[in-house]
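Peer 1: What follows is each chain in one-letter form.
There are 2 protein chains.
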Amino acid sequence: MAATPAWPPDSTPRLFVETPLSDAAAVAIDGGQAHYLAGVMRLKVGDPVLLFDDKTGEWLAEASEVRKRDLTLTVAHRMREREAVPDLWLCAAPIKKGRIDWVAEKACELGVDRLVPVLTQRTIVDRPNLDRLRAHMIEAAEQCGRTALPSLAEPVKLAALLADWPAERALFFADESGGVPAAEAMRARPGPAAILVGPEGGFTPAEREVIRACPAAVGITLGPRILRAETAAAAATAVWMAAAGDW
Amino acid sequence: MAATPAWPPDSTPRLFVETPLSDAAAVAIDGGQAHYLAGVMRLKVGDPVLLFDDKTGEWLAEASEVRKRDLTLTVAHRMREREAVPDLWLCAAPIKKGRIDWVAEKACELGVDRLVPVLTQRTIVDRPNLDRLRAHMIEAAEQCGRTALPSLAEPVKLAALLADWPAERALFFADESGGVPAAEAMRARPGPAAILVGPEGGFTPAEREVIRACPAAVGITLGPRILRAETAAAAATAVWMAAAGDW
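From first to last, the protein sequence lines stand for chains L and H. If you want the numbering used here, it's the 1-based position in the first sequence plus 8. If you want the numbering used here, it's the 1-based position in the second sequence plus 8.
Quick caveat, the hints were computed from the structure, so don't treat them as lab data. One thing to keep in mind: the hints can contain errors.
Chain copies aren't distinguished; within one or between two, either way the pair holds.
Calculated pairs, SDA-like style, for lysine to any residue (alpha carbon to alpha carbon, straight line, at most 25 angstroms) [unchecked claim]:
#, residue 1, residue 2
1, Lys-105, Cys-152
2, Lys-104, Met-49
3, Lys-104, Glu-147
4, Lys-105, Ala-143
5, Lys-104, Pro-21
6, Lys-105, Arg-236
7, Lys-104, Val-48
8, Lys-104, Arg-140
9, Lys-104, Leu-23
10, Lys-105, Gly-40
Note that the structure is a prediction, hence the values are computed from the model and not measured.
Use the sequences and the hints to build the structure in full.
Peer 2: What follows is the structure, encoded as structure tokens:
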């Protein structure tokens with residue numbers, strides 16, 4: 009007897025939609041998503057699509073109408089509830105386009121719950137394009153299977169971030185001047201956490217003093233090599249996920 | 009009394025050169041490196057430059073002649089011996105340009121000793137551009153302070169890689185079908201190691217069987233989200249460095 013093929017197949021397109029989803033809901037798709045489904049994926053009536061809305065989880069839907077510029081998908085049933093994401097914030101100084109987009113993409117894939125752009129003295133990008141960062145996180149969520157998008161905070165100055173820092177949230181900051189080995193520090197301090205990474209050029213000595221003065225702050229080291237800002241962000245996030253997250 | 013300023017200053021350019029370095033050696037610089045030093049960094053006679061050759065460590069040199077298209081640097085003295093790099097290989101299936109370049113850059117920054125392009129059934133890039141990958145690793149080494157470049161192996165088919173796998177080298181492979189949590193598996197198996205990451209689309213079930221049959225193989229998991237190939241490579245490398253490397 010042949011094994012029943014998995015349904016929906018692995019090749020099923022998976023999309024984030026703003027519309028809240030529910031049983032039998034009709035979801036209108038247009039713009040880039042319509043081009044992707046109709047033009048690129050050659051979706052036909054009856055073909056499956058996985059949808060998630062960042063609120064109600066992941067749902068299986070079927071194409072009920074397919075046109076070149078717009079489609080209608082009809083929701084069949086819920087596949088998964090919205091997941092619980094590990095309670096990790098990534099507080100990162102904006103860096104140049106491309107590298108900061110990559111931070112947003114990797115933060116989502118690696119499982120970060122919240123991305124906070126932090127403005128520091130050596131930050132050269134004062135106004136990160138939040139729409140673009142969010143688009144990168146959505147694409148990463150569609151690809152990595154997340155049903156919950158990372159939240160994206162408004163850019164905040166370092167002093168303001170630290171001024172009302174929640175005491176119960178560990179603040180692991182990549183300290184170029186040396187600190188506790190990252191994995192050791194993170195295993196020793198489970199629970200809500202945040203990773204703070206400076207811009208290219210790092211924090212100023214004065215900024216490091218202000219960070220260290222924060223009771224929740226724990227200086228960590230990521231080894232003897234000088235990591236680029238985006239590498240430090242991804243590496244510290246991976247180490248936290250392995251030490252205190254859901255890996 | 010004013011503190012003596014650090015010498016050489018943090019802004020000192022740092023370059024890899026093919027010429028073996030020694031005391032008082034005169035090093036001729038041309039091409040892109042000359043443009044960078046003379047045109048971009050506006051180097052003047054007497055200005056310091058840090059050089060490393062992947063053989064003898066890092067040396068302080070001074071510009072003794074500066075022209076637009078070529079310079080002569082004179083080596084003053086050795087700053088550091090060539091470092092010992094953690095004994096980690098990264099065996100990664102080539103993926104599309106941009107993402108594979110990024111793997112080479114991050115592998116160098118994170119401290120990998122050897123990068124091995126592995127050809128698998130779902131690998132879509134059969135001939136990765138090794139010169140381009142090496143250029144990305146050199147640039148990363150200049151930036152992150154390495155005095156030893158990662159070695160870059162010729163692309164090898166998965167079966168051939170496993171056929172003569174050194175028994176004493178742990179082979180941690182990212183197993184989409186589930187495995188031991190990465191940090192736990194890596195702490196339990198210190199010593200020479202390798203990380204094996206598949207292409208987009210992962211290993212085939214048949215390939216996973218062949219890998220598992222390798223006595224040194226340990227299937228690891230990097231959490232519940234589906235990581236892109238390059239994300240898995242960087243994340244597994246960071247977790248290994250924290251668990252068994254020099255972090």
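Peer 1: Give the relationship of Lys-105 and Ala-143 under a CA distance limit of 25 angstroms: within one copy only, between copies only, both, or neither.
Peer 2: both (13 angstroms within a copy, 22 angstroms between copies)
Peer 1: Is it within a copy, between copies, both, or neither that the alpha carbon of Lys-104 lies no farther than 25 angstroms from that of Glu-147?
Peer 2: both (20 angstroms within a copy, 18 angstroms between copies)
Peer 1: As a check of your reading, is Lys-104 near Met-49 (CA-CA no more than 25 angstroms) within one copy, between copies, both or neither?
Peer 2: between (33 angstroms within a copy, 20 angstroms between copies)
Peer 1: Have a look at Lys-105 and Arg-236 and pick one of within, between, both or neither, based on CA distance no larger than 25 angstroms.
Peer 2: Both, since 14 angstroms and 20 angstroms are each at most 25 angstroms.
Peer 1: Go through the copies and call it for Lys-104 and Arg-140: within, between, both or neither, with a Cα cutoff of 25 angstroms.
Peer 2: both (13 angstroms within a copy, 22 angstroms between copies)
Peer 1: Since the copies are identical, ignore which copy is meant and state whether Lys-105 and Gly-40 lie within 25 angstroms (CA to CA) inside a copy, between copies, both or neither.
Peer 2: Both. Shortest intra-copy (22 angstroms) and inter-copy (24 angstroms) distances satisfy the 25 angstroms Cα cut-off.
Peer 1: Between the shortest in-copy and the shortest cross-copy C-alpha distance, which are at most 25 angstroms for Lys-104 and Val-48: within, between, both, or neither?
Peer 2: between (31 angstroms within a copy, 19 angstroms between copies)
Peer 1: Go through the copies and call it for Lys-105 and Cys-152: within, between, both or neither, with a Cα cutoff of 25 angstroms.
Peer 2: both (22 angstroms within a copy, 20 angstroms between copies)
Peer 1: Indicate which option fits the pair Lys-104, Pro-21 if close means a Cα-Cα distance not exceeding 25 angstroms: within, between, both or neither.
Peer 2: between (31 angstroms within a copy, 21 angstroms between copies)
Peer 1: Which holds for Lys-104 with Leu-23 at a C-alpha limit of 25 angstroms: within a copy, between copies, both or neither?
Peer 2: Classified as between; 23 angstroms across copies, 28 angstroms inside a copy.
Violation of the numbered hints given earlier is absent; every hint is satisfied by the structure.
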